[in-house]
Structures are given as C-alpha cells and as structure tokens.
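Protein chains in written order, with this note's numbering: chain A, 1 to 220; chain B, 1 to 220; chain C, 1 to 220; chain D, 1 to 220.
It is worth saying that the hints were derived from the structure and are not from the lab. Please note that a few of the clues may not be correct.
Note that the list lumps identical chains together, so a pair holds whenever it fits in one copy or between two copies.
[As the list claims (entries may be wrong)] As a list, the in silico DMTMM-like pairs of lysine to aspartate or glutamate whose alpha-carbon atoms are at most 20 angstroms apart: (1) Lys17 / Glu61; (2) Lys17 / Asp60; (3) Lys62 / Asp50; (4) Lys220 / Glu174; (5) Lys216 / Asp103; (6) Lys40 / Asp64.
There are 4 protein chains.
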Amino acid sequence: MKKQDQLNVVFLNCTLKKSPATSNTDAFIKVASDTFKKLKVKTETIRVVDFNVSYGVSSDEKGDDEWPKILKKIKACDIFIIATPVWRGDRSSIAKKVVERLDGVMSEGNKSDGQYPTYNKIGGVMVDGNEDGAKNAAASLLLDLSEQGFTLPVNAFTYYVGEAGPGPSYIEAEGDKHFFTNNMTLLMVHNILHLAETLKSNPYPTNLNTIEEEAKAMSK
Amino acid sequence: MKKQDQLNVVFLNCTLKKSPATSNTDAFIKVASDTFKKLKVKTETIRVVDFNVSYGVSSDEKGDDEWPKILKKIKACDIFIIATPVWRGDRSSIAKKVVERLDGVMSEGNKSDGQYPTYNKIGGVMVDGNEDGAKNAAASLLLDLSEQGFTLPVNAFTYYVGEAGPGPSYIEAEGDKHFFTNNMTLLMVHNILHLAETLKSNPYPTNLNTIEEEAKAMSK
Amino acid sequence: MKKQDQLNVVFLNCTLKKSPATSNTDAFIKVASDTFKKLKVKTETIRVVDFNVSYGVSSDEKGDDEWPKILKKIKACDIFIIATPVWRGDRSSIAKKVVERLDGVMSEGNKSDGQYPTYNKIGGVMVDGNEDGAKNAAASLLLDLSEQGFTLPVNAFTYYVGEAGPGPSYIEAEGDKHFFTNNMTLLMVHNILHLAETLKSNPYPTNLNTIEEEAKAMSK
Amino acid sequence: MKKQDQLNVVFLNCTLKKSPATSNTDAFIKVASDTFKKLKVKTETIRVVDFNVSYGVSSDEKGDDEWPKILKKIKACDIFIIATPVWRGDRSSIAKKVVERLDGVMSEGNKSDGQYPTYNKIGGVMVDGNEDGAKNAAASLLLDLSEQGFTLPVNAFTYYVGEAGPGPSYIEAEGDKHFFTNNMTLLMVHNILHLAETLKSNPYPTNLNTIEEEAKAMSK
Chain A
1 MKKQDQLNVV FLNCTLKKSP ATSNTDAFIK VASDTFKKLK VKTETIRVVD
51 FNVSYGVSSD EKGDDEWPKI LKKIKACDIF IIATPVWRGD RSSIAKKVVE
101 RLDGVMSEGN KSDGQYPTYN KIGGVMVDGN EDGAKNAAAS LLLDLSEQGF
151 TLPVNAFTYY VGEAGPGPSY IEAEGDKHFF TNNMTLLMVH NILHLAETLK
201 SNPYPTNLNT IEEEAKAMSK
Chain B
1 MKKQDQLNVV FLNCTLKKSP ATSNTDAFIK VASDTFKKLK VKTETIRVVD
51 FNVSYGVSSD EKGDDEWPKI LKKIKACDIF IIATPVWRGD RSSIAKKVVE
101 RLDGVMSEGN KSDGQYPTYN KIGGVMVDGN EDGAKNAAAS LLLDLSEQGF
151 TLPVNAFTYY VGEAGPGPSY IEAEGDKHFF TNNMTLLMVH NILHLAETLK
201 SNPYPTNLNT IEEEAKAMSK
Chain C
1 MKKQDQLNVV FLNCTLKKSP ATSNTDAFIK VASDTFKKLK VKTETIRVVD
51 FNVSYGVSSD EKGDDEWPKI LKKIKACDIF IIATPVWRGD RSSIAKKVVE
101 RLDGVMSEGN KSDGQYPTYN KIGGVMVDGN EDGAKNAAAS LLLDLSEQGF
151 TLPVNAFTYY VGEAGPGPSY IEAEGDKHFF TNNMTLLMVH NILHLAETLK
201 SNPYPTNLNT IEEEAKAMSK
Chain D
1 MKKQDQLNVV FLNCTLKKSP ATSNTDAFIK VASDTFKKLK VKTETIRVVD
51 FNVSYGVSSD EKGDDEWPKI LKKIKACDIF IIATPVWRGD RSSIAKKVVE
101 RLDGVMSEGN KSDGQYPTYN KIGGVMVDGN EDGAKNAAAS LLLDLSEQGF
151 TLPVNAFTYY VGEAGPGPSY IEAEGDKHFF TNNMTLLMVH NILHLAETLK
201 SNPYPTNLNT IEEEAKAMSK
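Produce the entire structure from the sequences given, and follow the hints as far as they go.
Shown next as structure tokens:
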C-alpha cells in the first residue's frame, strides 16, 4: 500500500457558480473523492471559478492571472480529473478555459527528453448535468487530456444526466444513488489508480526531442 | 525485445471505398504500420468496407454478418487502432458502425472478474481528410475506445487535414511528408508501445463484478 | 390553407433496425408526422436501412445503389427531417451515411443560378435515445443540413433521451407523453411550416455562379 | 432597398485577446462586415473579452456584469453573428460563455405569444483558426442559435482553417484571399440578408403559450 499513500489526485471543479453557492458538480466529485480516500489517495478539489484565471493559451498570462497557482498543483499531482457541469449540451465555458490554459504545458518540455510536466500523469473526466450533453463534453476533454500529456485508463470518465429538458440536477436527482453513474465512477477510480501506480513505476521512455528529429527527417 | 515480438497491432481502415480503390487512409496507416514493424510489432490492416458488416450493437448479428471475423482479430490483438477519413467534419459512417458493433464486447465479460475481451488492450486513433474535422472525429472515437475497454496513452491520436475547403487528400498532399503529422504519428506509436508492454505485465486487477456489487450497495 | 395543402414533408428514419422490427425512432416520428397531417401537410417516412444504400459521397454510386430512390423523394419535398436514434452518444451510422450521400446534391447546381436541388427547402432534426447524446447528434446534422441547402427555423430540432445509462427507450419510456419533448416537437413543426410557406413564396434570389465569380475576384 | 437600410447586424468577436491586440477573428469578420455594408446593412462588432461578462445562464448576473450591455444590442439587431477562433478543435471559451448567457432570453418570452426577444432574428456563425476544428465549433453554435430563437439560412456559417498543426492564422495565411472561405462568406451574407428581409415581413405566427398548453395536454 506504500505506493498508494504517495499518490494524490487533483479535481478541478468547473462549475460556473462561485463559492459558497451549492455546486452539483462538487457533490458529484465527492463520490469519486471519497472513493480515492478509501484507497489511500490524497485528494484536493479546486473550484476554478473562485480564481481569477485569465484568458489565453500560455501557462502564465501575467498581471493578476491566478492560473499559475492552479497549474502548480496540477504539476504536483499524479492524477488529474476535470469535472464539469453540462451547459448547452457541452462542457462549461470554465472547463473550456481550463484546457485552453493547459496548452501552455506543451511548451514546457524538459531538456533531457522533451517530456512536458504532465507526462506520466493519469487523467479522468466527470460530467454532470440535469440533461443531455455528458458524452459530448467528455469526448472533447479526453482528447485534450490525451494531447496534453495524460494517460487515460479504461473508463476514464463517468457522468450523470437526467431526462431530456429542464429537471433536477445531480443533488436533487440523488445522482449519488444512481447505479449506472456510481458504477462508472468506481470503475474510473479503480482503473485510474492501477494505471497511476503502474505508470509511476514504468514511466514513458519516449524522447520527444529524438522523435522530433526523426519526424523532421521523414518530412519535407 | 522479447515482449515486443509478441505484440501485435490491428488497424481498421474505415474508408468508404472498397478495394482495390486507392485509400488515402490506407496510405496514412502505412506510416504508423511501418513504424510499428521497425519496433518488432506485428501489424495487420483490415479494410472494413470490404466485409459485409451488419448494422447493430451486438457482437454477432447472425445471417451473413462478417463482423465476427473482424472482432476475432480485435480480440487477439494487443493494440487496436481505428483509422478513419473525415467526411462532413466527422468520422466516416463506417467508423461509426464499427464502434456501434464494438458495444457487443461490453456484454462479454468473463465470469471471474467481469472484464470484457478488450480490457488490457491499448487503443489509438488516426484521422485523415482533405480538410477540417479530425479532432472532432478523434474525440468521439477516443471516448468510445475508453468505454469499450481500451487504455489510451499520451497522444493516442494522430491526424492529417489540409486547408478549409476542397483540396488534395493525404496522398496527393504528401501528408506522409507533413512534419506535424509525422511527429504525432511517431509519438502515438512509441507511447502506445510502451503502454502495451507495461499493461501486459501489469493487467488491471479491477473486478467488475465486485465493483458492480459495491455500486449497487451505494445506490437505490 | 391552400399553400399548406401543397406542402409535403419527408422523414428519414435512421434506425439501425430493418423492418418489421419495432423502431423507437419511428414512434417518435409519428408524433411530428401526425402534427403535420393535422396542419394539412402530406407526410412520408422512409426507413433508410430497408434500402440498399451504398457508401459514398455522390448522388448515385451506381450498381445496386438505392440512394437515388430516396434522393428523388428528398428532391420532391418541401420539408426534410432526419430522425436518428442515439448510439454511443452520437447520431447512428445510418444517419451519418445519409449526410455523406447528400453531399452529392451540392454538385447538382442548376445552370441559371447554381442553386442545388435542396435550396429553398426547410430542414429539421429529431433525435431519440435511451440516454445522453441528442444535442451532439442534432448539432452535426444541423450543420450538414445548413451547408447542403436547407433552411432551419427556430427550434429546428426536437429530442427525447432518458437518464444516464441503459434504460427504457422512447416507446417504453412513454416519450410521447414527455412534456418537454412534445413541446419541442410542436414548436419545430409549427416553425418549420411557417418558414416553408414563407420561403416558397420568397425563394432565395442568391446566384451561386455570380457569387463564385465575386469570390474568385477577391481571392488569389 | 428601403428594407435593407433598416437592417442591422451585430457580430460578436469571441477572441481570447483583449483590445488592442491584433485579432484574426476581427480580420475575418471584416470581410463579412464589408459585404453587409455594400448591401446597405448597418454593422457593429463587439469584442466580448473587452467587457466584464459574468459566468452564468441568466440575462443579468447583477454586480459588475456587463452582459446586459451586449444583450441590449443583440435584442436590437436583425442579424446576429457569432465569430469565434478555434482553440483545441472547438469554439473559444468566450464563445461558450456567450451562448451560456444567451440562455437567459429564453425566459423572457412576451405575454402575448411567448416569443422571446430573439425570435424573428437571423443567426450566423464564423470560425477561424490556424488548424482543424471549425465545423465542430460551428455545429454547436448553430444548435445553440436555433434553440435560442434564431433562424438559420442555407450556409449559415463560414470558416477558415489551415493545415494540421501549428501554422499561420487568418491574417498571416491571407485567409481573406482564400477562395473557398470567401465564397462561403458571401453565400452566408447574401442568404442571411434575404432571410432577414423575408422574416421581417413574415414573422413567425407561432404562439409559444398555446403550444405549451397543447404539449401539456398530450403529456402526462
């Protein structure tokens, strides 16, 4: 169990609502977070909208940009999970802003092998909404995470949505008692944990600098 | 190198054009396939449209359905890559049909731990088009693969598309000499290979049956 | 009411299941179809999977391709509605095949003004599923219809989906008694009808040939 | 030409970059805007990021929210065009925030027929990026506009993107001289204009209150 003790997960809550407003996404995160805790993983949840995150695609937009504070925690985690509510059948504008800012890490490759700071971390996605849009939101986030350095296990995502149209959201709908969603959440957590431990002992040997040279040689 | 010798990759070419018509997607696959071969991985490419694949969401739709022939090869591979052309800014209708049929494996969990036949395999996605649509196509395929049992490495996808509007496709555009695409392809291949070896030695211990019970206990 | 008598709507049912299997999408179409009938619009529903539609992106792929039979009816209609089930959070592979084939009309511009046969027709989208994916399916279909010649009213789409996970589909879930969905369906039908009548009396004067010349003059 | 004189278009530039930074999206808008001007339509472009737009889904989030200023102009326009850059293969987070906020109008139905303030306006979408993602961005925006009260003509969108990977954006790539894009832009402008004039003379007679009653009667 030693390894598991060392693992930590960071959840980004991408709700549109600032603290202390009730966040359904926060309640959903809690289910995953509690499961991680039982498995001896340290957890932390960051509510992005409470920070002054600038628009942009770099790791530091300067001025009063607070993304660097969040990014520091992402860089220090083993497991990174983006949790977003569904608005208009898609991830929230906060979740979109997060992946725009995450592009910055791709320019932070280290000198030895060019791997950027998110390499060898595991990613996951949680989506909750009162209705339709979870898979659409999840798909684009999985693509982003895969390109931005994260490895994705089987069932890298979990979601809750209700019937078509306005209706109760996660808390009121008792999403925490919805079997399908709980099953997906548990699968995600267990698979993420296995992959995090495995990858920690077996990091990618990929040398991005060498590959870049090889790609250049193949190209015009 | 022993392990790598044992690994094999199956590519599904989801072009709309039957053999022997020239397939741009086939030319794109070849770049990845050749790279795998150099790394001692066995490769096979299946052109789905040449088979009589029935519509449906099961592993065998009976009658003259030839999906079971393809599925047999998917079940025997270590690495599974869906390659699709872009049509209308999205994956081809053949690629969509493939993931519909792949849902069948999710009902084929084994008795001991409920894992389905695709668990512990690595997935990847390749998309080529004359224009816009690659990331949209890739995102939905990554979501499908993740739910259908596959693990996705950093950079689990690679793509080539040209400028907005009609224009040359992969072969004519010399996509095989496009640096960005080649770089993505090499990264995908190398990261897939590492993850395939790693996961082969460290399969998921996840017991889907136990988790299902646990999820039931949490739910109403 | 004279004009309405002359209007006719064609629904394409993009279910994966051949007749005479029960189709939830068919039951959903019936609600819209019955509403159109009450408003004196002629209706016809075509179940695409019952036809031998070839893969491709032209209006006639020759051989035993039966798309021309369907296309003939689309060309003769005033209102064209694509109805698709959700599979894997997206439109069905049949619905995707339909829009691939519809690209063919864009090469059938007439000599006088270059407008293709679908210009001045109204489009609509219906999506039903047991769970999540309706808006994603609808969005891509609306984009396709807009580029392929159709005009889209306010509320050009309607959908029914249930809660996250496996569950009852439209018929079993009594989607025909789901208020939100019925409201969307009625809005779609009424708005489509108004726009169809309006556009029939006021067709686009747009000359695609002249515009092409103008665009060439602006470009390099 | 009288009617055209009365028409006005509002463009929302959803770039991530505040004034006075150069915006490629702005340069792209200019092509459409100049075409509208030649056709005697008044034009105005609003750069959303220069305003303090709060997160939320209502028409006024109070406090220092400046969305009401923008919304006022949207309510006063005949034609509404959302222009967004591509980031991560999708619309910008600003464009997403805009459609989240636009949901507010759907609660502002008037008493007589329940139509909300955007009914009888025409919508359009412009997307520019250095690479892949335009159709994905456009599709979700078209869905939003259709539900939020706008009518969409044939070719309701236009876009420019370059080849896969990093590369020149609209200005540097001379997107304003790209034939395909210019052709799409001109088609969009001309079709929007026709539909705006037509709908102005023939507004929807749809009574949302009556339809709601009818839908209730059909439902449980």
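(message) Of all the hints numbered above, which does this structure not satisfy? Sort the numbers upward.
(response) As far as the earlier hints go, 5, 6 are violated by this structure, in ascending order.
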